[in-house]
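These protein sequence lines are chains A and F, in that order.
Going letter by letter, the first sequence gives residues 37 to 146 in the working numbering.
Going letter by letter, the second sequence gives residues 285 to 397 in the working numbering.
Honestly, the hints are just simulated from the structure, not real lab data.
Only a predicted model underlies this, so the values are computations on that prediction, with no experimental measurement involved.
Don't take every hint at face value.
Short derived list, chain F residues pointing at chain A, Cβ under 10 angstroms [claimed, not checked]:
1. T304
2. G324
3. G389
When the alpha-carbon atoms are kept at most 30 angstroms apart in a straight line, the in silico BS3-like pairs for lysine-lysine are as follows [unchecked claim]:
4. A:K88 with F:K341
5. F:K355 with F:K293
6. F:K355 with A:K133
7. A:K104 with A:K88
8. F:K341 with A:K133
Glycine included, C-beta positions come from ideal geometry on N, C-alpha and C.
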Amino acid sequence: GDSVTQMEGPVTLSEEAFLTINCTYTATGYPSLFWYVQYPGEGLQLLLKATKADDKGSNKGFEATYRKETTSFHLEKGSVQVSDSAVYFCALTNTDKLIFGTGTRLQVFP
Amino acid sequence: NAGVTQTPKFQVLKTGQSMTLQCAQDMNHNSMYWYRQDPGMGLRLIYYSASEGTTDKGEVPNGYNVSRLNKREFSLRLESAAPSQTSVYFCASSELFVGQPQHFGDGTRLSIL
């Protein structure tokens, strides 16, 4: 079945460092891909999305490109802030249902 | 702008007790979902309702029941709570069932002793 694999966390960075969180997927057909962010004590919020190959989703300085040839959707940000500390979930939806990765915790220190 | 509202936010139950988690959305979305979130396991789908009047099992439905009361409301019931159901429960909604992002509530933290 369809699945999403994310890098294990936590990812610990200093403020203004470059961020990459890896995400790869297994799916038939042409899924839509998403990144969600969960701040402490809150629900998940949609961060960005891409619906077809080579699409780049972007929001709040975060970017991810839908790479069908490598089945990947890695999340990147050029300069992280302390306020970016959260858990990040990669997800896909195909013919039905949203399938999540296990999440990657990001900790950013001043 | 409320979005998806879940009640209660916290609850402690004893084994064998029953309770209903409430969820309401004000975005006129057709589809609604219940997930549980456990450490190291991400989110797992319990039940979903693709449209008003329909409900279906997700990945982990055992021990739960749901009711799509109307287009706005989707409740989750634990008939006889067990310690294994200690978790954080999230309700979500989406405009359509296929290929759409979901909007989440802030969760219900449930502890079963």
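Consistency of the hints with the structure:
With its C-beta approaching chain A no nearer than about 19 angstroms, T304 of chain F sits outside the 10 angstroms limit, and its interface hint is violated. Hint on G324 of chain F holds. Least Cβ distance to chain A is approximately 6 angstroms, under the 10 angstroms limit. The interface hint given for G389 of chain F is met, as the beta carbon of that residue sits about 5 angstroms from the closest beta carbon of chain A, less than 10 angstroms. Distance check on the hinted pair: K88 of chain A and K341 of chain F sit about 28 angstroms apart at the alpha-carbon level, within 30 angstroms; holds.
Only pairs whose Cα atoms come within 30 angstroms are accepted, and K355 of chain F paired with K293 of chain F is accepted, the gap being roughly 22 angstroms. Pair hint K355 of chain F plus K133 of chain A holds up; C-alpha atoms about 19 angstroms apart against a cutoff of 30 angstroms. Taking the CA atoms of K104 of chain A and K88 of chain A, the gap is near 9 angstroms; set against the 30 angstroms cutoff, the hint holds. With a CA separation close to 11 angstroms, the supplied pair K341 of chain F and K133 of chain A stays within the 30 angstroms bound.
Violated hint for the displayed structure: number 1, the only one.
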